[in-house]
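> One-letter residues, chain by chain:
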Amino acid sequence: EAGVVQSPRYKIIEKKQPVAFWCNPISGHNTLYWYRQNLGQGPELLIRYENEEAVDDSQLPKDRFSAERLKGVDSTLKIQPAELGDSAVYLCASSPRGDIQYFGAGTRLSVL
Amino acid sequence: DQQVKQNSPSLSVQEGRISILNCDYTNSMFDYFLWYKKYPAEGPTFLISISSIKDKNEDGRFTVFLNKSAKHLSLHIVPSQPGDSAVYFCAAMTGTASKLTFGTGTRLQVTL
Chain A
1 EAGVVQSPRY KIIEKKQPVA FWCNPISGHN TLYWYRQNLG QGPELLIRYE NEEAVDDSQL
61 PKDRFSAERL KGVDSTLKIQ PAELGDSAVY LCASSPRGDI QYFGAGTRLS VL
Chain B
1001 DQQVKQNSPS LSVQEGRISI LNCDYTNSMF DYFLWYKKYP AEGPTFLISI SSIKDKNEDG
1061 RFTVFLNKSA KHLSLHIVPS QPGDSAVYFC AAMTGTASKL TFGTGTRLQV TL
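For the record, the sequence lines run as chains A and B.
Be aware that the first sequence starts at 1, since it is given in the numbering used here, and climbs by one per residue.
Be aware that the second sequence starts at 1001, since it is given in the numbering used here, and climbs by one per residue.
Just so you know, these hints were derived from the structure itself, not from any lab.
Don't take each hint at face value.
No more than 30 angstroms apart at the CA atoms, straight line, and that leaves these computed lysine-lysine pairs for DSS-like [stated by the list, open to error]:
no., chain 1, residue 1, chain 2, residue 2
1, A, Lys62, A, Lys15
2, B, Lys1054, B, Lys1005
3, A, Lys16, A, Lys78
4, A, Lys78, A, Lys62
5, A, Lys78, B, Lys1037
6, B, Lys1005, A, Lys62
7, B, Lys1005, B, Lys1071
8, A, Lys11, B, Lys1037
9, B, Lys1068, B, Lys1005
The model shown is predicted, which means the values in this text are computed figures rather than measured ones.
Chain A on its own, in the form it takes in the complex:
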C-alpha cells in the first residue's frame, strides 16, 4: 500500500514569491492534515480536513496561507507571499479513523 505522497521534497524561493505544496493521502483515508515543523520543534497543525471540508483551520495564517482539498482526495497548501519565517518542513498526514496519523516525507521550504 502506498503511503502519503508529498511533492516537491525541497523548495527554495525568494521572499514575497508564491509557493505551493501537494499531498496525496493514503487511499481511503478521509481525514487529511497539514502540519508545519520548525527546526528543533515538533510538528504543529495548520489545517485538518474531513473529506473536502476544512474542519479545523484555526492555526492557519489566513492572510497568506490557503489550502484546498477538492473532491476529498489530494490537497494543496499555498503560501502567497512567502516570508523568511515560513522556512520549515511542511508535513501532510492522513488517518483512516481519526486516531493514528500517517505522515508523508514532507516538503522542506527555504525562503531566502
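Based on the hints, put chain B in the right spot on chain A.
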C-alpha cells in the same frame, strides 16, 4: 504554552540495553497518546500508541507506559538496536480526529 514536554533532548544507550524515553503533559483532556520515530529527511513514522483507559501497551520490543495521575508517559525499547537511532516524538490528542500535539523530540543514539 508547551502542553507536551520531552525534557531530554538526547539520549545515548548501548546496543542491547534498555532505552527509556520520557514525556510529560499538562492537558488533562488528552485521552490518546502516540510515539513517532523520525529519521533524517523522512516524515514521522508511527510506532506505538496508548489510550488513557490503559496504563501499558506492548508491541514487540516497544512498550509504552502511561501514568495519568502524574501526567507522564514513557517509551521503553528493549533491547535497543543501532537501527533505533532516530528522533522520537511523543504526541497527544483529545478525542477522535483531532490534531496531534507534539513534544519537541528526543534524539536517541544506540551505540555499538
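> Run the structure past the numbered hints and jot down the numbers of the failing ones, going up.
none
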